[in-house]
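**Student:** In case you want the letters, here they are:
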Amino acid sequence: MSIVIDNLTVTFKHKVTAVDHASLEIPGGIFGLLGENGAGKTTLMRVLTTVLAPSEGSVSLNGIRYEEKNYREIQKRIGYLPQEIDLYPNLTVQECLEYMGELSGVPKRKCEERIDELLERTSLAVHRKKKMRQLSGGMKRRAGLIQALLHEPDFLIVDEPTTGLDPEERIRIRNLLTEFSKERTVLLSTHVVEDLAATCNNLAVMKKGRFLYAGSREGLACQVKGYVWRCRVKDEDQAARLERKYLVSAKQYAQSGLEMRLISEEKPDAVCTACEGTLEDAYIYVANHAANQEGEIDKRAEGRV
Amino acid sequence: MRTEMKIVLPLWKMASAFCFVLVLSLVRGVSYADEVGLALEPPLAALAVAFVSDTCVRERVSKRSEVWKLYSLEKKKRAVFQRMAVQEIFLLLLAVSGYGMFFMFQQPAAVYDTKPAVTAFFFYLLAIAVTLVFWGMLSLLLSCVCKSQWAAIGGGMVLWITVNSVAGDACLGKWNPFSYTFREIGAGTGGGETLSWLCGKMLCILLCGAMAVEFPAVWERRMEKESVLTEKR
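Line by line, the protein sequences give chains A and B. Counted from 1, the first sequence has number 163 at position 58 by the working numbering; the numbering is strictly sequential. Counted from 1, the second sequence has number 73 at position 93 by the working numbering; the numbering is strictly sequential.
Where hints are given, some of them may not hold.
In silico BS3-like cross-links for lysine-lysine, where the CA-CA straight-line distance does not exceed 25 Å [as the list claims (entries may be wrong)]:
#, chain 1, residue 1, chain 2, residue 2
1, A, Lys213, B, Lys(-7)
2, A, Lys245, A, Lys213
3, A, Lys215, A, Lys245
4, A, Lys235, A, Lys215
5, A, Lys234, A, Lys215
6, A, Lys350, A, Lys339
7, A, Lys372, A, Lys339
8, A, Lys213, A, Lys234
9, A, Lys235, B, Lys43
10, B, Lys43, B, Lys57
11, A, Lys213, B, Lys127
12, A, Lys236, B, Lys(-14)
13, A, Lys235, B, Lys57
14, A, Lys213, B, Lys57
15, A, Lys215, B, Lys56
16, B, Lys154, A, Lys234
17, B, Lys(-14), A, Lys120
18, B, Lys154, B, Lys55
19, B, Lys(-14), A, Lys213
20, B, Lys(-7), A, Lys215
21, A, Lys236, B, Lys127
22, B, Lys56, B, Lys43
23, B, Lys(-7), A, Lys235
24, B, Lys(-7), A, Lys181
Honestly, the hints are just simulated from the structure, not real lab data. Note that this is a predicted model, so its numbers are computed, not measured.
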């Protein structure tokens, strides 16, 4: 199963461009989509779920083009868990899943078997008789995952599934996604780098509707190789000066004083040692590097440089 | 149907509708038995508009609409009509109990010299069933067109006020959706009432049919195609 996005643009009325000439190929397994709030991740996902039609460009799922005549065929192959979804609060978990399974067109007997299996795999079997409104945030997300998987989709789209969850629940959701990705393509959108580090081999970084990076996780980490520095800072004044000059990915008060983690292509103007970059460092570097380049281009266009 | 009932008839909704009818039966004075239907029809029509208005937009408000988008149109339409049916049945039962409440609390004087009480009740049942379905369908369609529950309530109430008025009665006469309310009691032969109000109800049935036929197309146009939000190049 592969998804090909070619030169995709989504412009809303009032000329707001949410996705801007984006091209990407999503292979099987978990593919991460990383970006700040408002980067265009959710709009892209809404296009992939056929909720939104692109203004320009094309998308295809296993060779099936996203066109109105093919929407039904595509929709059958997609499972979707939106960021915020309020599953029927007055229904029990079992009733809710049976109802959504019926709407998905899964035959009753098969649906019941799938529900039993998925409730077991997500450790929700003991809660099947609880009303949806009685579930915790993490349990609701797990139930949401089940509804997305009932019709055994080839392509599972999950939008920020771990937002607002406690660490234990986040790990559980991540593990479930890894488990479910064995048989299908999973597109996991998030702004939590940790989630991607723990689950994906391939990912894309999005900013202002464009892909700044698309490739392997290791490849992204390599982008920042040799550019990450750990500095010991004398006082707040020096810290403020460094913050103005360099990208800061961490700042911490240690026993020996203030320590900062800086991202810079050159050795910073302070007492520092090079250290290994994390995926988070790489994301910050890639996101800001592109912003700086854009700034330079803008300045040149205005004739200031 | 049990699941649909749980979805569209939460306890608060049933309790508030029941309280509405209970208060109505306590405060709306009636002297004679044949005024009971008259006192109930317009308020129950308004209740139907408000009650049904969230049927279509419920999935949007709860942010389930994007998941719903992946279901087949046939399944979605069936689910909406089932929800509609469940609510209409509840409203009809409420209308019947409201009729009883008026008799229980106000004990209106009987006027059934020429016509048995059962016939009067049967006419009421017929009129109110048509009224509830008509105003419910109208609300459903408006909420779908406007993608808003409040627009449906607002639009429904504007029409309600227009037809439930002296001017509405004068203009539409026996073709008024509230023809049963505006009927001339005691104008028929032998002191009984005429059945000319059936014209208004028949018109309502025709309009309901038209709305039911049109609904799937409206749903497809308004609820399915979010692409209108984006600009084609």
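**Student:** Work down the list of hints and note, for each, if the structure agrees.
**Tutor:** Do the hints match the structure? See the list:
At most 25 Å may separate the alpha-carbon atoms for a hinted pair to count; lysine 213 of chain A and lysine -7 of chain B exceed this at roughly 30 Å. Distance hint between lysine 245 of chain A and lysine 213 of chain A is fulfilled; the C-alpha atoms sit about 23 Å from each other, no more than 25 Å. For the hint linking lysine 215 of chain A to lysine 245 of chain A, the alpha-carbon distance of about 23 Å falls within 25 Å, and the restraint holds. Annotation: proposed proximity of lysine 235 of chain A to lysine 215 of chain A holds, straight-line Cα distance about 22 Å (limit 25 Å).
Taking the CA atoms of lysine 234 of chain A and lysine 215 of chain A, the gap is about 20 Å. The hint holds against a cut of 25 Å. Distance check on the hinted pair: lysine 350 of chain A and lysine 339 of chain A sit about 16 Å apart at the alpha-carbon level, within 25 Å; holds. Distance restraint check for lysine 372 of chain A and lysine 339 of chain A: the Cα-Cα separation of roughly 17 Å lies within the 25 Å cut-off, and the hinted pair is therefore satisfied. Restraint check for lysine 213 of chain A and lysine 234 of chain A: the C-alpha separation of about 18 Å stays at or below 25 Å, so the hint holds.
With a C-alpha separation of about 21 Å, the suggested pair lysine 235 of chain A and lysine 43 of chain B falls inside the 25 Å cut-off, and the hint holds. In summary, the hint linking lysine 43 of chain B to lysine 57 of chain B is supported, as the alpha carbons are separated by about 18 Å, within the 25 Å threshold. The suggested pairing of lysine 213 of chain A with lysine 127 of chain B is violated, with an alpha-carbon distance near 32 Å, which exceeds 25 Å. A C-alpha spacing of about 11 Å is found between lysine 236 of chain A and lysine -14 of chain B, which places the hinted pair at or below 25 Å, so the restraint holds.
For the proposed pair lysine 235 of chain A and lysine 57 of chain B, the alpha carbon gap of about 28 Å is over 25 Å, so the pair is violated. Distance check on the hinted pair: lysine 213 of chain A and lysine 57 of chain B sit about 19 Å apart at the alpha-carbon level, within 25 Å; holds. Taking the CA atoms of lysine 215 of chain A and lysine 56 of chain B, the gap is near 20 Å; set against the 25 Å cutoff, the hint holds. Taken as a hint, the lysine 154 of chain B and lysine 234 of chain A pair is broken in the structure, with Cα atoms around 53 Å apart against an allowance of 25 Å.
About 42 Å separates the Cα atoms of lysine -14 of chain B and lysine 120 of chain A, which puts this hinted pair outside 25 Å; it is violated. At roughly 39 Å between alpha-carbon atoms, lysine 154 of chain B and lysine 55 of chain B are farther apart than 25 Å, so this suggested pair is violated. Proximity of lysine -14 of chain B to lysine 213 of chain A is assessed by CA-CA distance (about 19 Å); at most 25 Å being required, the pair is judged to hold. The hinted pair formed by lysine -7 of chain B and lysine 215 of chain A fails the criterion: a straight-line CA distance of about 34 Å is larger than 25 Å.
At most 25 Å may separate the alpha-carbon atoms for a hinted pair to count; lysine 236 of chain A and lysine 127 of chain B exceed this at roughly 28 Å. Restraint check for lysine 56 of chain B and lysine 43 of chain B: the C-alpha separation of about 15 Å stays at or below 25 Å, so the hint holds. For the proposed pair lysine -7 of chain B and lysine 235 of chain A, the alpha carbon gap of about 22 Å is at most 25 Å, so the pair holds. Annotation: proposed proximity of lysine -7 of chain B to lysine 181 of chain A is violated, straight-line Cα distance about 35 Å (limit 25 Å).
Of the numbered hints stated above, those contradicted by the structure are hints 1, 11, 13, 16, 17, 18, 20, 21, 24, listed in ascending order.
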